[in-house]
Amino acid sequence: MMNRTSGMVRLAAVALLAAGPLHAQQADGGAEERGVQVAREADRRDGGWGTSASRITMVLTNRNGEESGRELRRQALESEEPGAGDKSLIVFDSPRDVEGTALLSYSRILDPDDQWLYLPALRRVKRISSSNKSGPFVGSEFAFEDLVSQEVEKYEYRWLRTERCGALECEVVERYPRYEDSGYTRQIIWWDIEEYRPQRIDFYDRKDSLLKTLSYHGYQQYEGRFWRPDRLEMVNHQNGKQTVLTFDDWAFGIDVSEDDFTPSRLRRVR
Amino acid sequence: MSRGLFFGVTLAWFMGTPASAQDLDLRVGAETRVFPEEPVTPGAEDASWSPSITLEPEFDVDWLGGALRLSAEGFLRADAHDGERTHGDVRALNLLYFGDRWTLLAGVGRVFWGVTESRHLVNVINQVDGVEDLDDEDRLGQPMLNLTIEGHAGGLDLFWLPYFRERTFPEFGARLSGPVPVLGEAVYESGAERWHSDFALRWTQAMGPLDLGLSYFTGTSREPRLVPEGAEGFRPHYGLIDELGLTLQWTHGSSLWKLEALRRWGHGAPFQAVVGGIEYSLFGLFGTATDLGLLAELSLDDREPERAPATLWDEDLFLGARWALNDPNDTAILGGPVIDLDSGEIFAFLEAGRRIGMSWMVELEARVLASTSSASPAYWIRGDSFATFRLSRYF
Numbered sequence: 001m002m003n004r005t006s007g008m009v010r011l012a013a014v015a016l017l018a019a020g021p022l023h024a025q026q027a028d029g030g031a032e033e034r035g036v037q038v039a040r041e042a043d044r045r046d047g048g049w050g051t052s053a054s055r056i057t058m059v060l061t062n063r064n065g066e067e068s069g070r071e072l073r074r075q076a077l078e079s080e081e082p083g084a085g086d087k088s089l090i091v092f093d094s095p096r097d098v099e100g101t102a103l104l105s106y107s108r109i110l111d112p113d114d115q116w117l118y119l120p121a122l123r124r125v126k127r128i129s130s131s132n133k134s135g136p137f138v139g140s141e142f143a144f145e146d147l148v149s150q151e152v153e154k155y156e157y158r159w160l161r162t163e164r165c166g167a168l169e170c171e172v173v174e175r176y177p178r179y180e181d182s183g184y185t186r187q188i189i190w191w192d193i194e195e196y197r198p199q200r201i202d203f204y205d206r207k208d209s210l211l212k213t214l215s216y217h218g219y220q221q222y223e224g225r226f227w228r229p230d231r232l233e234m235v236n237h238q239n240g241k242q243t244v245l246t247f248d249d250w251a252f253g254i255d256v257s258e259d260d261f262t263p264s265r266l267r268r269v270r
Numbered sequence: 271m272s273r274g275l276f277f278g279v280t281l282a283w284f285m286g287t288p289a290s291a292q293d294l295d296l297r298v299g300a301e302t303r304v305f306p307e308e309p310v311t312p313g314a315e316d317a318s319w320s321p322s323i324t325l326e327p328e329f330d331v332d333w334l335g336g337a338l339r340l341s342a343e344g345f346l347r348a349d350a351h352d353g354e355r356t357h358g359d360v361r362a363l364n365l366l367y368f369g370d371r372w373t374l375l376a377g378v379g380r381v382f383w384g385v386t387e388s389r390h391l392v393n394v395i396n397q398v399d400g401v402e403d404l405d406d407e408d409r410l411g412q413p414m415l416n417l418t419i420e421g422h423a424g425g426l427d428l429f430w431l432p433y434f435r436e437r438t439f440p441e442f443g444a445r446l447s448g449p450v451p452v453l454g455e456a457v458y459e460s461g462a463e464r465w466h467s468d469f470a471l472r473w474t475q476a477m478g479p480l481d482l483g484l485s486y487f488t489g490t491s492r493e494p495r496l497v498p499e500g501a502e503g504f505r506p507h508y509g510l511i512d513e514l515g516l517t518l519q520w521t522h523g524s525s526l527w528k529l530e531a532l533r534r535w536g537h538g539a540p541f542q543a544v545v546g547g548i549e550y551s552l553f554g555l556f557g558t559a560t561d562l563g564l565l566a567e568l569s570l571d572d573r574e575p576e577r578a579p580a581t582l583w584d585e586d587l588f589l590g591a592r593w594a595l596n597d598p599n600d601t602a603i604l605g606g607p608v609i610d611l612d613s614g615e616i617f618a619f620l621e622a623g624r625r626i627g628m629s630w631m632v633e634l635e636a637r638v639l640a641s642t643s644s645a646s647p648a649y650w651i652r653g654d655s656f657a658t659f660r661l662s663r664y665f
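Top to bottom, those sequences are chains A and W. Residue numbers for the first sequence follow our numbering, beginning at 1 and rising by one. Residue numbers for the second sequence follow our numbering, beginning at 271 and rising by one.
Hints in this document: simulated from the structure, not taken from any laboratory. Just so we're clear, the structure is a prediction, and the values are computed from it rather than from any experiment. For each residue, glycine too, the CB sits at the ideal point set by N, CA and C. There may be inaccurate statements among the hints.
To be verified - Each computed SDA-like pair below joins lysine to any residue, with the alpha-carbon atoms no more than 20 Å apart:
hint, chain 1, residue 1, chain 2, residue 2
1, A, Lys207, A, Gly135
2, A, Lys207, W, Thr558
3, A, Lys207, A, Ala251
4, A, Lys207, A, Asp248
5, A, Lys207, A, Gly240
6, A, Lys207, A, Gln238
7, A, Lys207, A, Thr101
8, A, Lys126, W, Gly557
9, A, Lys207, A, Glu156
10, A, Lys126, W, Leu426
11, A, Lys207, A, Ile188
12, A, Lys126, W, His522
13, A, Lys126, W, Arg380
14, A, Lys126, W, Glu407
15, A, Lys126, A, Tyr179
16, A, Lys207, W, Gly557
17, A, Lys207, A, Thr162
18, A, Lys126, W, Gly605
19, A, Lys126, W, Thr558
20, A, Lys126, W, Ser524
21, A, Lys207, W, Tyr550
22, A, Lys126, W, Glu387
23, A, Lys126, W, Trp650
24, A, Lys207, W, Trp473
25, A, Lys126, W, Ala591
26, A, Lys207, W, Gly605
27, A, Lys126, W, His357
28, A, Lys207, A, Tyr179
29, A, Lys126, W, Tyr550
30, A, Lys126, A, Thr101
31, A, Lys126, W, Leu482
Said to hold, decoys possible - Pulled from the structure, derived: some chain A residues nowhere near chain W, Cβ distances all over 10 Å:
hint, residue
32, Gly29
33, Gly47
34, Thr51
35, Ala53
36, Arg55
37, Leu60
38, Asp86
39, Ile109
40, Thr162
Please construct the entire structure, taking both the sequences and the accompanying hints into account.
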């Protein structure tokens with residue numbers, strides 16, 4: 001009798017114990033599932049752009065308000081095979097000492113990207129390490145990892161909430177980099193529920209302190225499908241610096257192919 | 271003559287058609303070299319401050335929607351003390367036609383082959399502009415016809431090099447010039463002398479983390495053998511060589527493993543030379559935005575000293591560091607010693623630069639002959655360690 005009761009109690013206790021974490025797991029699993037779904041939807045809506053080109057002006061502002069600028073051109077090629085990343089080519093037009101310098105990137109999902117730099121003064125094509133993902137891109141507040149293609153599989157997700165974001169309603173999702181060498185523990189991203197465009201990203205550093213906020217401005221639709229912002233603003237909360245990227249001359253369906261994104265082609269750029 | 275006329279007419283026709291894009295740049299530099307020590311050669315000019323100015327105009331224009339490009343690059347230097355260093359060169363003047371998977375370049379051009387930092391072993395197309403610096407990185411424009419073919423099997427470059435450029439040397443008596451003059455009227459192994467047709471090809475391929483380049487060169491060696499002619503001086507002898515070259519880089523995480531190797535026939539017994547090592551980067555050093563790269567490269571060269579051009583790289587170890595601040599001004603410093611493991615000779619260099627505003631650059635370069643061996647060619651310029659301060663403006 002005693003034995004049975006204690007057995008029953010123990011059984012109930014075990015059931016309760018099991019139920020607790022199970023419940024939490026289910027709730028968590030739901031948030032994760034919903035987070036991934038939001039990311040997939042954003043990715044799906046932006047898929048199929050094929051090729052694109054844009055002209056970018058960067059303005060770097062330090063905490064004393066001093067500005068310095070860069071002008072660059074970017075071409076990108078969407079990967080056709082699932083599981084592979086996009087390819088991009090960035091050419092600098094200014095400052096003058098780096099004019100003609102080009103950066104070719106093959107982005108990967110979890111493996112390190114392949115990157116080549118073309119140095120026009122020496123006519124030299126140089127394969128560079130892509131482990132500096134968290135390093136600043138040309139002295140700006142953008143890290144290399146902020147500028148490469150944001151494949152869904154690069155992160156794990158957790159849906160947080162739905163809330164107003166300016167004039168829109170947003171899905172707020174936390175994501176955790178799965179790739180190595182990231183400078184972030186997590187990011188919180190706001191996607192508007194109308195078009196699933198990123199509106200804002202908060203970046204948390206390796207110590208999990210808020211490091212930067214990226215905001216997207218002036219979305220315009222191209223080809224009747226693809227939404228692209230006119231302006232990105234990255235504010236670093238820790239050092240008071242900011243970088244603004246302004247995009248001009250967005251073009252889709254440009255006449256480039258895989259062959260234009262090879263290291264030996266870098267000598268052709270002007 | 272008729273070919274020249276055809277070229278001229280064709281060029282004039284294109285000049286008359288609307289260009290799709292054009293770009294004119296000019297870099298003006300003012301610099302001074304500072305030599306803290308006295309030269310060791312008796313009678314050599316003891317210039318401790320040696321200023322000079324440089325002009326580097328660049329022009330290119332595209333036609334046919336970018337399929338045809340005329341590219342021109344000039345270099346001019348006026349030096350206060352070295353008459354040979356006061357010189358001009360057409361670094362590039364060529365027409366490029368971009369086909370679907372091929373590119374044809376005709377004219378004077380510049381080409382770089384290589385992966386290592388301390389020595390540019392396989393880089394054979396362009397002659398060294400020896401009055402410019404000791405690092406072999408300044409090169410003279412090379413007349414060429416260059417066809418590049420690209421495909422999934424990599425890129426293939428074919429070169430016809432119809433004319434030879436002689437290496438430049440500092441004026442006798444100037445800094446870095448050595449104990450006796452380098453005589454004019456170079457001696458060529460080929461009866462065609464400068465007009466010997468040289469040929470080269472190179473195949474490059476990126477395979478995942480590996481970047482591979484295989485090259486072959488046949489023709490007049492860019493490296494002269496300096497043959498003593500009594501007390502009169504050294505006569506440059508340009509031999510005919512065949513050379514196989516290899517460049518290999520394995521990019522793995524923060525490490526770049528690099529190798530360049532060659533085998534050369536024609537300078538005495540066939541020999542091989544190799545330079546290889548690692549560049550390891552510490553990104554975001556101590557939580558800052560700066561990167562520190564650590565470099566180590568070993569150079570070995572089996573050439574016969576009696577029958578091949580002299581080299582400083584017979585058995586040398588380069589240990590260096592590259593520090594990039596990643597600031598808006600792109601401040602960067604690279605330097606370190608090259609140690610001859612056989613003789614103990616040490617050559618050290620430092621290169622630092624940063625941008626000022628949007629159009630200015632300031633640079634410091636130091637070349638230090640710290641300990642020279644009497645058996646080495648550098649022995650005669652051991653008093654010529656120098657630092658260069660350079661201010662450049664882009665227009």
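Legend entry - Structure versus earlier hints - violations, ascending order: Violated hints (numbers, rising): 3, 4, 7, 8, 15, 17, 19, 21, 23, 24, 26, 27, 37; every other hint is consistent with the structure.
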